[in-house]
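Participant: For reference, the chains in residue letters:
2 protein chains.
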Amino acid sequence: MGALPKRKRAEENGIGSREQLLEAASALMIAQQSVDISLSALAGQSGLNSALVKYYFGGKNGMLLALMKRDAANALAQIEHLASTTLSPTAKIKLHIAGIVNTYHRVPYWNRLVHYLLQDSESEQSREIVDFFIRPLIDFQRKVLDEGVATGEFVSVDPMNFYFSVLGACDSPFFAHYVFELFDSDNDDAWRKSYINYVTDMVMRMISTEKAA
Amino acid sequence: MGALPKRKRAEENGIGSREQLLEAASALMIAQQSVDISLSALAGQSGLNSALVKYYFGGKNGMLLALMKRDAANALAQIEHLASTTLSPTAKIKLHIAGIVNTYHRVPYWNRLVHYLLQDSESEQSREIVDFFIRPLIDFQRKVLDEGVATGEFVSVDPMNFYFSVLGACDSPFFAHYVFELFDSDNDDAWRKSYINYVTDMVMRMISTEKAA
Numbered sequence: 024m025g026a027l028p029k030r031k032r033a034e035e036n037g038i039g040s041r042e043q044l045l046e047a048a049s050a051l052m053i054a055q056q057s058v059d060i061s062l063s064a065l066a067g068q069s070g071l072n073s074a075l076v077k078y079y080f081g082g083k084n085g086m087l088l089a090l091m092k093r094d095a096a097n098a099l100a101q102i103e104h105l106a107s108t109t110l111s112p113t114a115k116i117k118l119h120i121a122g123i124v125n126t127y128h129r130v131p132y133w134n135r136l137v138h139y140l141l142q143d144s145e146s147e148q149s150r151e152i153v154d155f156f157i158r159p160l161i162d163f164q165r166k167v168l169d170e171g172v173a174t175g176e177f178v179s180v181d182p183m184n185f186y187f188s189v190l191g192a193c194d195s196p197f198f199a200h201y202v203f204e205l206f207d208s209d210n211d212d213a214w215r216k217s218y219i220n221y222v223t224d225m226v227m228r229m230i231s232t233e234k235a236a
Numbered sequence: 024m025g026a027l028p029k030r031k032r033a034e035e036n037g038i039g040s041r042e043q044l045l046e047a048a049s050a051l052m053i054a055q056q057s058v059d060i061s062l063s064a065l066a067g068q069s070g071l072n073s074a075l076v077k078y079y080f081g082g083k084n085g086m087l088l089a090l091m092k093r094d095a096a097n098a099l100a101q102i103e104h105l106a107s108t109t110l111s112p113t114a115k116i117k118l119h120i121a122g123i124v125n126t127y128h129r130v131p132y133w134n135r136l137v138h139y140l141l142q143d144s145e146s147e148q149s150r151e152i153v154d155f156f157i158r159p160l161i162d163f164q165r166k167v168l169d170e171g172v173a174t175g176e177f178v179s180v181d182p183m184n185f186y187f188s189v190l191g192a193c194d195s196p197f198f199a200h201y202v203f204e205l206f207d208s209d210n211d212d213a214w215r216k217s218y219i220n221y222v223t224d225m226v227m228r229m230i231s232t233e234k235a236a
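If you're matching them up, the sequences are chains E and Y in order. So the first sequence is numbered by the working numbering: it starts at 24 and just counts up by one. So the second sequence is numbered by the working numbering: it starts at 24 and just counts up by one.
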């Protein structure tokens, strides 16, 4: 890698090369239904020299971390937006659930990527991911659940059990393509809306003080 | 691999070698929190020559398939047992949820192993897994949901959405150790019981015709 003419190569490729690599990694993960992508496949997909992975990201793990952050940006922005609005806790939870399902739909490898990067829980990288995404997500949910109890909209539930059940339910369809085949169904927009409604309904029946309609 | 004295080696190691390899693979997956284990790590863990993987299983993928089947045996037996009992549909769903959570607790890598093996959805192996486990599980759930509607215990819900939400909720805690740390909590027996109660309560509120207590 030492022989790579870093500055020159970066200029030749323009500022888009970094983003091209991330986009190619994302496309490969979706196509292969796996976060385990090779640098040679990445070179083929992006049309770029895989040595640029080291140049831009310090290595493959650095690239995966950058991809996770890129893909989490929308979801994080939504959480920050919801936290700052004057919407009711009920409305916040409903928008939050739709946001999670839509994130997993857009980036179906996202959860697996996070788990892959968190395998070594003692690493600097793990702490970075937890601080960047997991902790803000948990803090947001806890705050909204508390708000809902304060307004009388929600019963008190365990926030960790809430987190696990909501995240798990929202994630599970997006790496189980074979299940759609067994049900003669399609993972299309109409189904996704029906699933958002199903999970929202289920979660609200669990936390709402109103009896289900 | 051709040079391996197959019969002799199998006799030397006795009938336990096959099971020793599966047990070593299982232990490695739990320790590494990943299904991506190497043959050299397997040899180190089991104390056996990794060439035996080819001898007993035809290769690494064959061994992973055998491990998946071994680990699914208890869960499949429970499904068959529940299907044959005269318990109420409500009792069956409650025992089924506890069974799934307990299976993931015992074999936390199980879901990832299934997904890993199902990556190539057109393969013979994929069809074998679907027929061996996924289809019986879906058929069982659908049958119990229908029974519950017939007895008046359940409202009618979409069985695919039921499947995704239940399996996802039951699975998600078992590959997210960092979440327990963020909540200053432990993945212990007391927590697991509370989570079974949480998911059961949430699911029953969704499907039961009785208003939640």
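It is possible that part of the hints are untrue.
Identical chains blur together in the list; that is why a pair holds if it fits in one copy or across any two.
As the list claims (entries may be wrong) - Mimicking DSS-like on lysine-lysine, the simulated pairs with C-alpha atoms at most 30 Å apart in a straight line are: (1) 117 <-> 216; (2) 166 <-> 77; (3) 117 <-> 77; (4) 83 <-> 166; (5) 117 <-> 83; (6) 83 <-> 216; (7) 77 <-> 216; (8) 77 <-> 92; (9) 216 <-> 166; (10) 216 <-> 92.
For the record, the hints were derived by calculation from the structure and aren't laboratory data.
Participant: Where does the structure disagree with the numbered hints, that is, which hint numbers, in rising order?
Facilitator: As far as the earlier hints go, 2, 3, 4, 5, 6 and 7 are violated by this structure, in ascending order.
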